[in-house]
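Engineer: Those sequence lines, one after another, are chains A and B.
Numbers given in the working numbering equal positions in the first sequence, counted from 1, plus 523.
Numbers given in the working numbering equal positions in the second sequence, counted from 1, plus 523.
Just so you know, these hints were derived from the structure itself, not from any lab.
A couple of the hints might just be wrong.
For identical chains, the list gives no copy identity; a pair is met inside one copy or between any two copies.
As the list claims (entries may be wrong) - Straight-line alpha carbon distances no greater than 30 angstroms define the calculated DSBU-like cross-link-like pairs of lysine-lysine that follow: (1) 617 / 679; (2) 617 / 672; (3) 621 / 661; (4) 672 / 621; (5) 672 / 661; (6) 661 / 617; (7) 661 / 679; (8) 621 / 610; (9) 679 / 610; (10) 679 / 621; (11) 672 / 610.
Please read these numbers as outputs of a predicted model, since none were measured by experiment.
2 protein chains.
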Amino acid sequence: MGGQEQAISLEPEKQKLLNEHSEKHFTAGEIVRDIIIGVSDGLTVPFALAAGLSGANATSSIVLTAGIAEVAAGAISMGLGGYLAAKSEADHYKRELKREQDEIIAVPDTEAAEVAEILAQYGIEAHEYGPVVNALRKNPQAWLDFMMKFELGLEKPDPRRALHSAMTIAIAYILGGVVPLIPYMFIPNAAEAVVISVVVTLFALLIFGYAKGYFTGNRPFRSAFETTLIGAIASAAAFGLAKAFHA
Amino acid sequence: MGGQEQAISLEPEKQKLLNEHSEKHFTAGEIVRDIIIGVSDGLTVPFALAAGLSGANATSSIVLTAGIAEVAAGAISMGLGGYLAAKSEADHYKRELKREQDEIIAVPDTEAAEVAEILAQYGIEAHEYGPVVNALRKNPQAWLDFMMKFELGLEKPDPRRALHSAMTIAIAYILGGVVPLIPYMFIPNAAEAVVISVVVTLFALLIFGYAKGYFTGNRPFRSAFETTLIGAIASAAAFGLAKAFHA
Numbered sequence: 524m525g526g527q528e529q530a531i532s533l534e535p536e537k538q539k540l541l542n543e544h545s546e547k548h549f550t551a552g553e554i555v556r557d558i559i560i561g562v563s564d565g566l567t568v569p570f571a572l573a574a575g576l577s578g579a580n581a582t583s584s585i586v587l588t589a590g591i592a593e594v595a596a597g598a599i600s601m602g603l604g605g606y607l608a609a610k611s612e613a614d615h616y617k618r619e620l621k622r623e624q625d626e627i628i629a630v631p632d633t634e635a636a637e638v639a640e641i642l643a644q645y646g647i648e649a650h651e652y653g654p655v656v657n658a659l660r661k662n663p664q665a666w667l668d669f670m671m672k673f674e675l676g677l678e679k680p681d682p683r684r685a686l687h688s689a690m691t692i693a694i695a696y697i698l699g700g701v702v703p704l705i706p707y708m709f710i711p712n713a714a715e716a717v718v719i720s721v722v723v724t725l726f727a728l729l730i731f732g733y734a735k736g737y738f739t740g741n742r743p744f745r746s747a748f749e750t751t752l753i754g755a756i757a758s759a760a761a762f763g764l765a766k767a768f769h770a
Numbered sequence: 524m525g526g527q528e529q530a531i532s533l534e535p536e537k538q539k540l541l542n543e544h545s546e547k548h549f550t551a552g553e554i555v556r557d558i559i560i561g562v563s564d565g566l567t568v569p570f571a572l573a574a575g576l577s578g579a580n581a582t583s584s585i586v587l588t589a590g591i592a593e594v595a596a597g598a599i600s601m602g603l604g605g606y607l608a609a610k611s612e613a614d615h616y617k618r619e620l621k622r623e624q625d626e627i628i629a630v631p632d633t634e635a636a637e638v639a640e641i642l643a644q645y646g647i648e649a650h651e652y653g654p655v656v657n658a659l660r661k662n663p664q665a666w667l668d669f670m671m672k673f674e675l676g677l678e679k680p681d682p683r684r685a686l687h688s689a690m691t692i693a694i695a696y697i698l699g700g701v702v703p704l705i706p707y708m709f710i711p712n713a714a715e716a717v718v719i720s721v722v723v724t725l726f727a728l729l730i731f732g733y734a735k736g737y738f739t740g741n742r743p744f745r746s747a748f749e750t751t752l753i754g755a756i757a758s759a760a761a762f763g764l765a766k767a768f769h770a
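Generate the whole structure from the sequences, applying the supplied hints.
Structural biologist: What follows is the structure in structure tokens.
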């Protein structure tokens, strides 16, 4: 890329700017996002549910049964949900592509006016963008790509993305969801198990929140705190509601 | 908009193309997306959890306690999760804006080369995009906006969005989650309540799936079928696992 070649000759701090810049594109990856979605919810909801049931003095066996049912349901709901979301995103792209194609054929002047509009928004004059509009009109495929990206802001989706996304979210949810349940497997008295579960899970949330912040380019310590806080609030609410309701 | 003015003089079918076109921008709204996220999960997970616990011959009281704990935990986790996601999206935009600003000041030639690159991808020649690049260099604010949108594909986020998103998702999750639990409130025997819950919830999933398809511009009947299938699979898995585990 011309930009990068030029950058090589820059002094360190300017080079750093550009490195950080390209780095960001890597860290904000879709797989990382899917893992985060799955683990956040997995660590939080089964944890809170287990704590809530313990508050309603259920046995560890019931807590575990409910927890496993929740993890299975949540993984399937999030996984298949993620799959269909990614798939309908791809369908949406196809439909819009077809529609833009039809418009370029049916109403080329209108589409050309839309290109002009897009560039005019940036204070570019007709005599400055004119050649660009004409160049696109001479090259329908490029014109179509331009409209998809700059008018509709749509990127061509990866066909395998839907399945990968589903599996990533589901597995991440299961991995996250099993952590708070482990203590209930070994301690039959839920009132005792919940204490260990709370300690273990809040610790896991801290570490996960830190990693989440690190990989998404947000402040890791703040992310660790926020993620843990959500888990604590959710489980406290579940605990309180279950107690109040069951009493 | 110039495009629209021109469109008025078009024959019906071409006008229709453009109407559908602008229509899509309305239907794919972020609030609709948040409602869909909340209701889909709300109708699916508490439903499957309740079915699962009934499979482990728990009483309606335990099923209801677990269901309420799950709905509270899920609403908080999704709501606060949505809030932080929207907030970090806004922070991300701010950071990128600052970074682009610094780059435009520190390495203007590199940034100008990036503009050229973006336009060159569409087969536009240097002599065609040259005037556009120069126009942007003369207008740093417009240049910055251009880079944010066309290089990074980032839209300026709405500041109130984070809170609205959180509340929309949480309320939608609660509304969806209460539906499958209602039968357990009136029928003490979970083995009987689960039957009504399954019927009521699958019916609700059909209607919701249809509406989801309608509002997101996907085939409504297919969406109704897919959405209901997810709920059925999730609850069957939860039911089976809970039974297997508890037996």
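Engineer: Provide an ascending list of the numbers of those earlier hints which the structure does not satisfy.
Structural biologist: Going through the list in order, the structure violates no hint and respects every one.
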